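Those protein sequence lines, which keep their order, are chains A and B. Using my numbering, the letters of the first sequence correspond one by one to residues 48 to 170. Using my numbering, the letters of the second sequence correspond one by one to residues 70 to 248.
Note that these hints are calculated values from the structure, not bench results. Treat the numbers as computed from the prediction; the structure is a model and nothing was measured.
Each computed DSS-like pair below joins lysine-lysine, with the alpha-carbon atoms no more than 30 angstroms apart:
#1 K138(A) / K113(B)
#2 K50(A) / K155(B)
#3 K155(B) / K162(A)
#4 K50(A) / K123(A)
#5 K155(B) / K166(A)
#6 K155(B) / K138(A)
#7 K138(A) / K182(B)
#8 K88(A) / K114(A)
#9 K138(A) / K166(A)
#10 K138(A) / K162(A)
Sample of chain B residues lacking proximity to chain A, with all beta carbon distances greater than 10 angstroms (derived):
#11 G102
#12 A105
#13 V119
#14 T120
#15 Q121
#16 S139
#17 L177
Chain B residues, not near chain A, derived (Cβ > 12 angstroms throughout):
#18 P84
#19 R87
#20 H94
#21 A97
#22 E99
#23 Q107
#24 G132
#25 L134
#26 S141
#27 T145
#28 D178
#29 A186
#30 L188
The C-beta atom is built at its ideal place from N, Cα and C for all residues, glycine as well.
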Amino acid sequence: MSKTALIVDDSRTMRQMVSFTLTNAGFTVIEAEDGRDAVRKVSAGTKLDIVVTDLNMPEMDGITLIKELRRLTAYKFTPILMLTTESALEKKKEGKEAGATGWIVKPFNPEVLLKTIAKVLPA
Amino acid sequence: MKSLRDCDGGKRKAPVVRGAVLQAHQEAWESFGGDAVQLIPILKAHMAAVTQETERAAMELMGHLQILASSSETITARDRAASLSKVVMAMQFQDITRQKLEHVSLALDQLQKHVQALLKGPHNQEAQQEIAALQRVERSYTMEAERRLHDAAVTSDYLEPVPSDMETTDGEEDPVILF
Numbered sequence: 048m049s050k051t052a053l054i055v056d057d058s059r060t061m062r063q064m065v066s067f068t069l070t071n072a073g074f075t076v077i078e079a080e081d082g083r084d085a086v087r088k089v090s091a092g093t094k095l096d097i098v099v100t101d102l103n104m105p106e107m108d109g110i111t112l113i114k115e116l117r118r119l120t121a122y123k124f125t126p127i128l129m130l131t132t133e134s135a136l137e138k139k140k141e142g143k144e145a146g147a148t149g150w151i152v153k154p155f156n157p158e159v160l161l162k163t164i165a166k167v168l169p170a
Numbered sequence: 070m071k072s073l074r075d076c077d078g079g080k081r082k083a084p085v086v087r088g089a090v091l092q093a094h095q096e097a098w099e100s101f102g103g104d105a106v107q108l109i110p111i112l113k114a115h116m117a118a119v120t121q122e123t124e125r126a127a128m129e130l131m132g133h134l135q136i137l138a139s140s141s142e143t144i145t146a147r148d149r150a151a152s153l154s155k156v157v158m159a160m161q162f163q164d165i166t167r168q169k170l171e172h173v174s175l176a177l178d179q180l181q182k183h184v185q186a187l188l189k190g191p192h193n194q195e196a197q198q199e200i201a202a203l204q205r206v207e208r209s210y211t212m213e214a215e216r217r218l219h220d221a222a223v224t225s226d227y228l229e230p231v232p233s234d235m236e237t238t239d240g241e242e243d244p245v246i247l248f
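Bound conformation, chain A alone (with noise of 0.2 angstroms):
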């Protein structure tokens, strides 16, 4: 059975390349433009074995979801992994502190996005 991304970030963009790169590693992959997004998706009690969110974005913010997320007791271990272009360290401490399980900063390379999520999902 396939796993379940959530792809998380208001460039379209950038949720295309993300959801090429995971649906190629055999990902069933659900998209959301912004958190608020990402919550009404998941509202419903969704699986989901990986997210993968940006941080920037309009309605709610990428670290104000992992903690809408993390309230949550069907995704308070699931894997949550920020996609950025903010490298600033207060902003990764304030994501580390919110629940999110690493930080990747744009531009990705899929390759190592695929080996990352490898590290993170659960054996």
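Add chain B to chain A, keeping to what the hints say.
Below, chain B without anything else, positioned relative to chain A:
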């Protein structure tokens, strides 16, 4: 008995206050001018970096698309996979340049707000509140490359070429961190 000075006090005070307000307004304009003069080359540098990045991405895309489209037997499956990865990386220029242009746009909005506030005249409190707003532009950056570019643009020897945002520095950290 009132002195002549006491009788005229109210009338004399008004020009003094008006003069102080006008001076404050003059200083606000000068402060704005100083900030704007510094900001404009920074914005130009950011836009030049966007152009450079777009050109670079286009060149990279062309090179890798040629490899992918080639029927040559010397090109291995590994080469094709590597080129595909590079295409995906190059395609992300749109997201990066979009964010940079949004930050330039944000700075231009601040400039406009600042000028509008100053044009309201010396008695408007908003003008004073807008002072130094331009210095906050740097806080809107999300990319390390933007901060480096900003630093390069505000130094006195700015005529030197501004570093491209695609360049990496020796000490650049790993793009992946697991917590």
